[in-house]
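Residues per chain, in single letters:
2 protein chains.
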Amino acid sequence: MWGTATIAISTREKLERARAASALLAQLSTTAKNELLLGIADALEAHELEILHANAEDIELANLSGAMADRLLLTPQRIDEMAKAVRDVVALPDPVNEVLEEWTRPNGLLIRKIRVPLGVVGIIYESRPNVTVDAATLALKTGNAVVLRGGKEAARSNERLAEIMSGVSGMPAGAIELLDCGTRETVQDLIRARGLVDVVIPRGGPALISHVMENALVPVIETGAGNCHIFVDESADFEMASRIVLNAKTQRPSVCNAAEKLLVHSGIAADFVPRIVRELTNAGVEVRGDAEVCSLAIDVKPATKEDWAEEYLRLCIAIHIVRDTDEAIAHINRYSTKHSESIVTAEESNARKFLGLVDSAAVYWNASTRFTDGGEFGFGVEMGVSTQKLHCRGPFALRELTSSKYQIIGIGQVRS
Amino acid sequence: MWGTATIAISTREKLERARAASALLAQLSTTAKNELLLGIADALEAHELEILHANAEDIELANLSGAMADRLLLTPQRIDEMAKAVRDVVALPDPVNEVLEEWTRPNGLLIRKIRVPLGVVGIIYESRPNVTVDAATLALKTGNAVVLRGGKEAARSNERLAEIMSGVSGMPAGAIELLDCGTRETVQDLIRARGLVDVVIPRGGPALISHVMENALVPVIETGAGNCHIFVDESADFEMASRIVLNAKTQRPSVCNAAEKLLVHSGIAADFVPRIVRELTNAGVEVRGDAEVCSLAIDVKPATKEDWAEEYLRLCIAIHIVRDTDEAIAHINRYSTKHSESIVTAEESNARKFLGLVDSAAVYWNASTRFTDGGEFGFGVEMGVSTQKLHCRGPFALRELTSSKYQIIGIGQVRS
Numbered sequence: 006m007w008g009t010a011t012i013a014i015s016t017r018e019k020l021e022r023a024r025a026a027s028a029l030l031a032q033l034s035t036t037a038k039n040e041l042l043l044g045i046a047d048a049l050e051a052h053e054l055e056i057l058h059a060n061a062e063d064i065e066l067a068n069l070s071g072a073m074a075d076r077l078l079l080t081p082q083r084i085d086e087m088a089k090a091v092r093d094v095v096a097l098p099d100p101v102n103e104v105l106e107e108w109t110r111p112n113g114l115l116i117r118k119i120r121v122p123l124g125v126v127g128i129i130y131e132s133r134p135n136v137t138v139d140a141a142t143l144a145l146k147t148g149n150a151v152v153l154r155g156g157k158e159a160a161r162s163n164e165r166l167a168e169i170m171s172g173v174s175g176m177p178a179g180a181i182e183l184l185d186c187g188t189r190e191t192v193q194d195l196i197r198a199r200g201l202v203d204v205v206i207p208r209g210g211p212a213l214i215s216h217v218m219e220n221a222l223v224p225v226i227e228t229g230a231g232n233c234h235i236f237v238d239e240s241a242d243f244e245m246a247s248r249i250v251l252n253a254k255t256q257r258p259s260v261c262n263a264a265e266k267l268l269v270h271s272g273i274a275a276d277f278v279p280r281i282v283r284e285l286t287n288a289g290v291e292v293r294g295d296a297e298v299c300s301l302a303i304d305v306k307p308a309t310k311e312d313w314a315e316e317y318l319r320l321c322i323a324i325h326i327v328r329d330t331d332e333a334i335a336h337i338n339r340y341s342t343k344h345s346e347s348i349v350t351a352e353e354s355n356a357r358k359f360l361g362l363v364d365s366a367a368v369y370w371n372a373s374t375r376f377t378d379g380g381e382f383g384f385g386v387e388m389g390v391s392t393q394k395l396h397c398r399g400p401f402a403l404r405e406l407t408s409s410k411y412q413i414i415g416i417g418q419v420r421s
Numbered sequence: 006m007w008g009t010a011t012i013a014i015s016t017r018e019k020l021e022r023a024r025a026a027s028a029l030l031a032q033l034s035t036t037a038k039n040e041l042l043l044g045i046a047d048a049l050e051a052h053e054l055e056i057l058h059a060n061a062e063d064i065e066l067a068n069l070s071g072a073m074a075d076r077l078l079l080t081p082q083r084i085d086e087m088a089k090a091v092r093d094v095v096a097l098p099d100p101v102n103e104v105l106e107e108w109t110r111p112n113g114l115l116i117r118k119i120r121v122p123l124g125v126v127g128i129i130y131e132s133r134p135n136v137t138v139d140a141a142t143l144a145l146k147t148g149n150a151v152v153l154r155g156g157k158e159a160a161r162s163n164e165r166l167a168e169i170m171s172g173v174s175g176m177p178a179g180a181i182e183l184l185d186c187g188t189r190e191t192v193q194d195l196i197r198a199r200g201l202v203d204v205v206i207p208r209g210g211p212a213l214i215s216h217v218m219e220n221a222l223v224p225v226i227e228t229g230a231g232n233c234h235i236f237v238d239e240s241a242d243f244e245m246a247s248r249i250v251l252n253a254k255t256q257r258p259s260v261c262n263a264a265e266k267l268l269v270h271s272g273i274a275a276d277f278v279p280r281i282v283r284e285l286t287n288a289g290v291e292v293r294g295d296a297e298v299c300s301l302a303i304d305v306k307p308a309t310k311e312d313w314a315e316e317y318l319r320l321c322i323a324i325h326i327v328r329d330t331d332e333a334i335a336h337i338n339r340y341s342t343k344h345s346e347s348i349v350t351a352e353e354s355n356a357r358k359f360l361g362l363v364d365s366a367a368v369y370w371n372a373s374t375r376f377t378d379g380g381e382f383g384f385g386v387e388m389g390v391s392t393q394k395l396h397c398r399g400p401f402a403l404r405e406l407t408s409s410k411y412q413i414i415g416i417g418q419v420r421s
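Chain order of the listed sequences is A and R.
Residue 102 in this note's numbering sits at position 97 of the first sequence; the count goes up by one each step and never skips.
Residue 175 in this note's numbering sits at position 170 of the second sequence; the count goes up by one each step and never skips.
Next comes chain A alone, as it looks inside the complex:
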């Protein structure tokens, strides 16, 4: 079952190397894997100047500005942080070989379910070069080979980082493969390599995610799109509601767990809407709203039908008035991307209903949606936030980079 015949030879060779490496990596002890990780951390520090040099070339060629340039930029401090992040992964527990369940059947068969690596994990990502190290590190810790396909802007940085990691003493050939980012064909090859790749995880914007979901022949973990909602119920403490809305919208507006929509109970709209619009506007947020919201506050632009489904990823929010919790839940289940939603309420029954009926990966009562994050959940690291229901849902990290296997031990039993 060696993939499809249409994969470019250079990519196929890399995938086959990764496949071969995955068999070796799956058998490494936790100690051996941690030694490789420590080797990566040391090597990143030892090659700091080379990394900075490669990154400077990327920066010059990319000719970006503002947030885009900042995402691409590496500094001595950022390289130190990358190395530190690798050492943090060393300290985390290794999920591989964990016995998940074990039982004996009436016929004497002993059945054991153990955790095993996924095998070959493909990651497709955009400009941030630290993902190269993050993804490789998490894959390695869980005994997987990783195939990386980064963004064109970071080509030289990623190449240098992958070379440095692959060059660590004892690293199996093929454990970390970097695909050519100069052509879209490598994305196609990676997501269609059935039999060679066990899962592809796209990390990036909506266009990338959609492309992967629509074209992949291998299993995918869908990540990241977040049209997140906050519902301020009639009984909400206004001060708490303001704090949560401002935090969820403005603390880091470009990320998937930032709030994009605000629903307000009609019973408090006349009081709460003018207040929150003023606070949002003061924080530099563009506010859009339905007709009722526009009638209650100045500086609000009318929202169009498209607004309710859009993920702005910038300082913009749309406000909609609802009559009760049921209407808030219906609106969210219709328009959200099933990432993170929060209710602010003093009424426990409404909170319970919201937590039960909102069909999203993470549902909050009286907290900011910004907490949907592997680090904030206490996982130590994060590979992404799954918005699908298969395999894992919500922030995921080491355990979700594993599969399982049944080992069955008998004394000659046959089926009758």
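Careful, some of the hints might be misleading.
Which copy is meant is left open, so a pair is good if it fits within one copy or across any two.
To be verified - The list that follows gives simulated cross-link-like pairs (lysine-lysine, BS3-like), each with its CA atoms no further than 25 Å apart: (1) K38 <-> K89; (2) K118 <-> K38; (3) K358 <-> K118; (4) K38 <-> K358.
Note that these hints are calculated values from the structure, not bench results.
For this one, chain A is given, so just place chain R on it according to the hints.
Relative to chain A, chain R alone:
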């Protein structure tokens, strides 16, 4: 995010009804779901004559013979068995709402991971009408809506069964939707309905599975292909090895956990191969083999390169001689479909190596591969056998028809 625009209207309406039903089903108590299941069991018995009548029409139109006709046939006894199987599901534990994990973060946030239904589960299957009831029953028990797309031969039987189940008192409209089996478009629509369908499970032959894997835009659980191997090691007890090989090959050759390949250690080939070839031949099995096998026994046809990857699903087996456990493992990892493989050996170190390094869903030591089955594993039921690594691997049943969700409870926390 309502699917794609290209779905036929009749199918879209069914999928949207299923989507709406899934929200209701997810909230039903275990008792309520069990009442619906008991209603199904009673209704199947009450409408036995109608079911038999519809089935007789299918049988007449299909004009099949032998095993194919038998797969399609319903009898009073088989309907009783279907009803009994439904009642068995009532007795199984309901996995929904199980608290999988719960912890409190240093900032006071309480994080709870609970088990929730997947939502809308699509099943594509072939001629056996009992799958209509099986699949609907397992979906219902786990709070999912089910969309069924059965085979054309069983059209009338499936329609009648779906109608009977949908007509049970209290069954939410849309809980069980049956798509038109007269056109291939309904398969395409089902597997491409992103946003409406949470997972598709194909149950059938290799052509069906491949088609679904290659064309689906929604997450899929790949099932069923089984090119299963048995490796008879040098230290194997011949009597045990024979019993296991004969059972795995002949007890039910048309199923995915039947053995298709036999690997024999070179040290015992001269003694064991003639014996097992004779036994297999006596049991009506066509035996193929590599050059060495052909030189050791009569009645063996030379195996071609294609044989090693083929899933025969009939009374045929191919035998290959290997020098040691490592070569057996390498051969299996190259050619198997990662379903079930068994080693017969008295040498524990070889067994451990085999169980560790063979990259398949179920790996056996001294037992028949025929045990890879939800019932045999003790799950009470089975939805299929996953041969992929994402979400679940090996036989899967109720728990694997669920996802999870994070509920986070705060007192106004925001992220700093």
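Checked hints:
Within a single copy, K38 and K89 get their C-alpha atoms as close as 16 Å, which meets the 25 Å cut-off; across copies the closest is 51 Å, which misses it. In this homomeric assembly, K118 and K38 come within 25 Å of each other (Cα to Cα) only inside a single copy, at 22 Å, whereas the closest approach across copies is 29 Å. In this homomeric assembly, K358 and K118 come within 25 Å of each other (Cα to Cα) only across copies, at 16 Å, whereas the closest approach inside a single copy is 36 Å. For the identical chains of this complex, K38 and K358 are inter-copy neighbours only, at 20 Å across copies versus 45 Å inside a copy, given an alpha-carbon limit of 25 Å.
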